[in-house]
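**Student:** In the order they appear, the protein sequences are chains A and R.
Using numbering that gives the first Met the number 0, the first residue of the first sequence is number 0, and each one after it goes up by one.
Using numbering that gives the first Met the number 0, the first residue of the second sequence is number 0, and each one after it goes up by one.
Treat the hints as calculated values from the structure; they're not laboratory data.
A few of these clues could be false.
Said to hold, decoys possible - Derived lysine-lysine pairs resembling DSBU-like cross-links, with alpha carbons at most 30 Å apart:
#1 R:Lys-342 x R:Lys-258
#2 R:Lys-120 x R:Lys-342
#3 R:Lys-6 x A:Lys-259
#4 A:Lys-45 x A:Lys-182
#5 R:Lys-6 x A:Lys-255
#6 R:Lys-261 x R:Lys-342
Stated by the list, open to error - Pair by pair, the computed Cβ-Cβ distance ranges are:
#7 R:Met-0 x A:Gly-261: 18 to 28 Å
#8 A:Glu-153 x R:Thr-362: 50 to 60 Å
#9 A:Arg-230 x R:Gln-56: 36 to 46 Å
Quick reminder that beta carbons are idealized off the backbone N, C-alpha and C, glycines included.
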Amino acid sequence: MDVEDVLRMDRWPHILCPGCGNGTILNVLARELAERFENGDLDPDKTVLVSGIGCSSRLPGYFRLDSLHTTHGRPLAFATGLKTANPDLEVIVITGDGDAAAIGGNHLIHAARRNLDVTVICANNYIYGMTGGQVSPTTPEGDVSTTTPYGNPEPPFDLCELVMGAGAPHVERWTTAHPVQLKAAIGRALDREGFSFIDVLSQCPTNYGRRNGFRDAREMVEWLRENTSTRDEEGKIRIGILRDEEREPFHARIRKVLEKAGGDGD
Amino acid sequence: MRDENGKVEFLQGNEACAEGAIAAGCRFFAGYPITPSTEIAERMSARLPEVGGVYVQMEDEIASLAAVIGASWAGVKAMTATSGPGFSLMQEHMGYAVMTETPCVVVNIQRGGPSTGQPTKASQGDVMQARWGSHGDYEVVALSPYDVQEMFDLTVECFNWAETLRVPAVLLADEVVGHMRERVVLREDVETVDRELPPEGEEVERPFPLEPDDLVPPMPVFGRGHRVHVTGLTHDERGYPCTDDPEVHRKLVRRLCNKVRKRAGEIHESVGYDFIERDSDIALVAYGGCARTVLEAAEEAGVTMFRPKVIHPFDEGLVRRLLDGYEVLVVEMNLGQYYEMVKMALDPDCVHLLGYPGGYPPTPERVVEEVERLGG
Numbered sequence: 000m001d002v003e004d005v006l007r008m009d010r011w012p013h014i015l016c017p018g019c020g021n022g023t024i025l026n027v028l029a030r031e032l033a034e035r036f037e038n039g040d041l042d043p044d045k046t047v048l049v050s051g052i053g054c055s056s057r058l059p060g061y062f063r064l065d066s067l068h069t070t071h072g073r074p075l076a077f078a079t080g081l082k083t084a085n086p087d088l089e090v091i092v093i094t095g096d097g098d099a100a101a102i103g104g105n106h107l108i109h110a111a112r113r114n115l116d117v118t119v120i121c122a123n124n125y126i127y128g129m130t131g132g133q134v135s136p137t138t139p140e141g142d143v144s145t146t147t148p149y150g151n152p153e154p155p156f157d158l159c160e161l162v163m164g165a166g167a168p169h170v171e172r173w174t175t176a177h178p179v180q181l182k183a184a185i186g187r188a189l190d191r192e193g194f195s196f197i198d199v200l201s202q203c204p205t206n207y208g209r210r211n212g213f214r215d216a217r218e219m220v221e222w223l224r225e226n227t228s229t230r231d232e233e234g235k236i237r238i239g240i241l242r243d244e245e246r247e248p249f250h251a252r253i254r255k256v257l258e259k260a261g262g263d264g265d
Numbered sequence: 000m001r002d003e004n005g006k007v008e009f010l011q012g013n014e015a016c017a018e019g020a021i022a023a024g025c026r027f028f029a030g031y032p033i034t035p036s037t038e039i040a041e042r043m044s045a046r047l048p049e050v051g052g053v054y055v056q057m058e059d060e061i062a063s064l065a066a067v068i069g070a071s072w073a074g075v076k077a078m079t080a081t082s083g084p085g086f087s088l089m090q091e092h093m094g095y096a097v098m099t100e101t102p103c104v105v106v107n108i109q110r111g112g113p114s115t116g117q118p119t120k121a122s123q124g125d126v127m128q129a130r131w132g133s134h135g136d137y138e139v140v141a142l143s144p145y146d147v148q149e150m151f152d153l154t155v156e157c158f159n160w161a162e163t164l165r166v167p168a169v170l171l172a173d174e175v176v177g178h179m180r181e182r183v184v185l186r187e188d189v190e191t192v193d194r195e196l197p198p199e200g201e202e203v204e205r206p207f208p209l210e211p212d213d214l215v216p217p218m219p220v221f222g223r224g225h226r227v228h229v230t231g232l233t234h235d236e237r238g239y240p241c242t243d244d245p246e247v248h249r250k251l252v253r254r255l256c257n258k259v260r261k262r263a264g265e266i267h268e269s270v271g272y273d274f275i276e277r278d279s280d281i282a283l284v285a286y287g288g289c290a291r292t293v294l295e296a297a298e299e300a301g302v303t304m305f306r307p308k309v310i311h312p313f314d315e316g317l318v319r320r321l322l323d324g325y326e327v328l329v330v331e332m333n334l335g336q337y338y339e340m341v342k343m344a345l346d347p348d349c350v351h352l353l354g355y356p357g358g359y360p361p362t363p364e365r366v367v368e369e370v371e372r373l374g375g
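Just chain A, same shape as in the assembly (with noise of 0.2 Å):
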């Protein structure tokens, strides 16, 4: 199966910006998919995208697969009711930094707590693209924004860390400059029952990069590969397989409780 099998091509060409790292992530997505389709790994009619709003919630829109583009921040909760209500579904959530740490912030912690069985990718690019370049959870202390003209003053989320503080069993951290790496990460990712959160550190050269130093995409990428490390490093952001564990999760739980109360159908 090509890649080009499981993107809707008659949607070409995309709305992303040149140099946008949505576009690593769509290309590593795709050809994970694609790969397991075909080598029956995953059944595409149950393989189902849910996102919120922002740049990355965009991308599932591109998949010739069932997926739903929710609110903002929500997509999480609408991935409760579809992976509960049918648990057969795969159910993979595209959010960003935005979506899933400041307005869905309270459904991240609750998805990861009650271990959901889903697969969240989030494209944590520090900034609020789609609007033009606000402030988000993840900017770095003292970044401009279009928000922050003056430096922002607000210290940010370490989402791996919340995700791990609020239960999560599987959480690993990549970035675009990392793209095997982020594609074997979305393998595991679906190959772990329960919640698994991998943090994609991403560029936007549009509305972040061009206001703090960057000339363009490539320098960003470059800072991403130079300022990253697999190892704990004096300086460096920490990215790999941060957490993989075992744990229930909340589907067979459920299925636990029907079976308390008789209506397990055996």
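We have chain A already, so just place chain R on it with the hints.
**Tutor:** Chain R only, in chain A's frame:
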């Protein structure tokens, strides 16, 4: 105990609502505790697992309706229940359910507002919010039960109309009917309606046709090969975002409204209403818990009484046919919300209001006093 139609029980209105939902085929409930609706969630958490259904208590009301919509796209009939403050939070997803044409049922056991208001007291203050609480132009179905039996029966009707029209349907009840206990027949003969589906395993190329015959397209189900993209953005026939073509937006929004408006008469006929005609110049109009004392007042004063069960869509033709020529007194537990719609249907000078917020319906004596003031 049983009668010919089913099991007879002595239940609270909220419990009867939960039983009606299960009889209608509801197999998913997501909610958040709030007075005076909580008993619905409690009953559903006990009953749904017995029939193979799923109950989830969400982190808030916004998430509750989101999960319900998600379950509905998984092909399962789904419901949530709340009261005013929670209904306010749900408005975001009322709009999303309208735009994505997702059948679902939202129960609002109204309490006094604005804001947290009177948590344990009855109100009918959300009549207009049920219609247009979310942004944009749209229409929904809202039904108002006046006793415990109707808490069961109209919950079934809400599911049936939600499935028929692919809209969110609101059971617009109030604390009076939610918390009272009465005899109720848990009918086993309920007629249920299921949404029309596209053929299984086939990709649906035009899931949102701009002008389908009966204005309601068949609804794809996630996981069955329909491969559909669903968005809250203005979308074209393929379901793809299309936000800058005025004609596409106009056609979509007109269809979303017309599929409900054009069937207003049919909905009123099928759900029913009470019209007790008496030889009088005055007619009383009341619905929901408030209608209980007003029905008594109408009998006492010997005047005509109209009790609608369908609040939205409003059927102007019906109201005109029944009430034209009367001096009409609308009695409701708010400052005049249904009243405004009645005024638009009739000669406004002949429509009067006894607006009665505060937590309790007016006594029959209070209503009769008002009838006498009008010369009845």
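**Student:** Against each hint, give a clear statement of whether it holds in the structure.
**Tutor:** Outcome of the hint check:
Using a Cα cut-off of 30 Å, the hinted pair Lys-342 (chain R) and Lys-258 (chain R) holds, with the two alpha carbons roughly 24 Å apart. A distance of roughly 27 Å separates the Cα atoms of Lys-120 (chain R) and Lys-342 (chain R); the hinted pair therefore holds under the 30 Å criterion. Distance restraint check for Lys-6 (chain R) and Lys-259 (chain A): the Cα-Cα separation of roughly 24 Å lies within the 30 Å cut-off, and the hinted pair is therefore satisfied. Restraint check: the Cα-Cα separation between Lys-45 (chain A) and Lys-182 (chain A) comes to about 20 Å, which is no more than 30 Å; the hinted pair holds.
A threshold of 30 Å between alpha carbons decides the hint, and for Lys-6 (chain R) with Lys-255 (chain A) the separation of about 29 Å falls inside it, so the pair holds. For the proposed pair Lys-261 (chain R) and Lys-342 (chain R), the alpha carbon gap of about 21 Å is at most 30 Å, so the pair holds. A hinted range of 18 to 28 Å holds for the C-beta pair Met-0 (chain R) and Gly-261 (chain A), which are about 24 Å apart. Checked against the given bound of 50 to 60 Å, the beta carbons of Glu-153 (chain A) and Thr-362 (chain R), roughly 57 Å apart, stay inside it.
About 42 Å separates the C-beta atoms of Arg-230 (chain A) and Gln-56 (chain R), a value consistent with the hinted range of 36 to 46 Å.
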